[in-house]
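**Student:** From first to last, the protein sequence lines are chains V and X. 171 is the number that our numbering gives to position 171 of the first sequence; each next residue is one higher, with no gaps. Each number in our numbering comes from the position in the second sequence (counting from 1) with 201 added on.
It is worth saying that the hints were derived from the structure and are not from the lab. Here a beta-carbon is modelled for each residue, glycine too, at the ideal position from N, C-alpha and C. Be careful, since some hints might not be right.
Chain V is faced by these chain X residues, among others (derived, beta-carbon under 7 angstroms) [stated by the list, open to error]:
hint	residue
1	Tyr230
2	Leu331
3	Arg382
Restraint-style ranges between C-beta atoms, simulated for each label pair [claimed, not checked]:
hint	chain 1	residue 1	chain 2	residue 2	range
4	X	Thr386	V	Arg26	22 to 30 angstroms
5	X	Gly267	V	Ala74	37 to 45 angstroms
6	V	Ala74	X	Glu353	53 to 61 angstroms
7	V	Arg58	X	Gly267	14 to 22 angstroms
8	X	Ser355	V	Ala71	19 to 27 angstroms
9	V	Ala62	X	His319	52 to 60 angstroms
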Amino acid sequence: MTPYDEPADDRLSHAMEALRTADLQRPLPRHLERRVVALVGALPGDARDRAPASTRRRAAVARRLAWGLPAAAALAAIAVSAGWRVAAPARDAVPSMAPPVQARLESPTPVLVEAAAPVVARAPRRPRDAPASQRQERPAPPPVEPLQLVRVRMSQSDLVLLGVPVADADPSRRVDVELVVGLDGAPVGLRRIQLVAPSVP
Amino acid sequence: MREAPGTQADGALLAAAAAGDAEAFAVLYRRHAGAVLRFARTMTGAEDVAEDIAHDTFAAILAAAGRFDASRGAFSTYLYGVVRNLTRARLRRDGRLAVLGDLDDVAAVDVRGTDEPHERLARARDAAALRLALRRLPSRYREVVILCDLHEVSYEDAARIVGASVPAVRSRLHRARRQLRAALTDDVATRVPAWTPARCLP
């Protein structure tokens, strides 16, 4: 009997046989067969769809690295150069005691200057984000005419003639009204209405 | 005259499938899908994970159809190698996840062929207990038990599949069987969860 010999008839053998029988009697899933056979229908040469998930993941990582590494290198180079420019002394900075503009003005070379176009006054621009209703032109104000203020005492119920209807107006009650009258004598507006005290005749 | 796909060798079927013959690939699938599914199901303990692995296995052999060399071994050995690698990768990836084993209870084990109900129940309990004990084995032990004891693969082929020597396979198998035997005789360790409803409605 070798060290690897096993007892022939034990519970493990029975359990193995039972598990083997149970597994063999399981039917194959039909949906899996459809999925697997559909792999053949993939486009020829399109091996990504046929490859297992682990291969697809590796391919995706490789694609990202292929694009990401040069981009990261370019960004790093830009960042390094920008940092170097910030850290380096400003070589192009103009010293305060030697303005280069004056030196250019003192140059003896004549400069031909073209005549400038006449400046045309332009109306201030409307804001671009203004709504359409505000972008419309406003109507011109009416011409100013001399007006006259007229004070009258009238019945409260007559206010309706001036376009001021009063609910439950009492004809016996009086009101003082300041009318704005135009040149033609027609009232343009009401300035003030005040109820007269009953004791006042 | 063209040979019918059902009588062709596996290598010829794979080559035809790589050339776009869906019928040849369907024959190849029906011929080997049972073994692939059983291996993945017993290794992972989950039906849906096993189906995913089986799909990826057939996708891999179709994508790398030119890689199979019939002179180096049988197609089934090549296929077992692919499914074994994909299963181990899946187990590594999902190592921290707890599989909600739908195969661990007795109700999921369908044992037919016996007339006596109590015999059927006893065999179902044994199968469920063995499945539970297999889940507790290390994967390097579990795979040799599945290959040699459940799928009846020879030691040489099993050694080629797992990438080990034949003595190593025999050693792993011996240790695995010892652990399984101990687990099956230990009532606490192999307690099969009895089917009980979670809540009884009045």
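**Student:** Mind listing which of the numbered hints don't hold for this structure, in increasing order?
**Tutor:** 8
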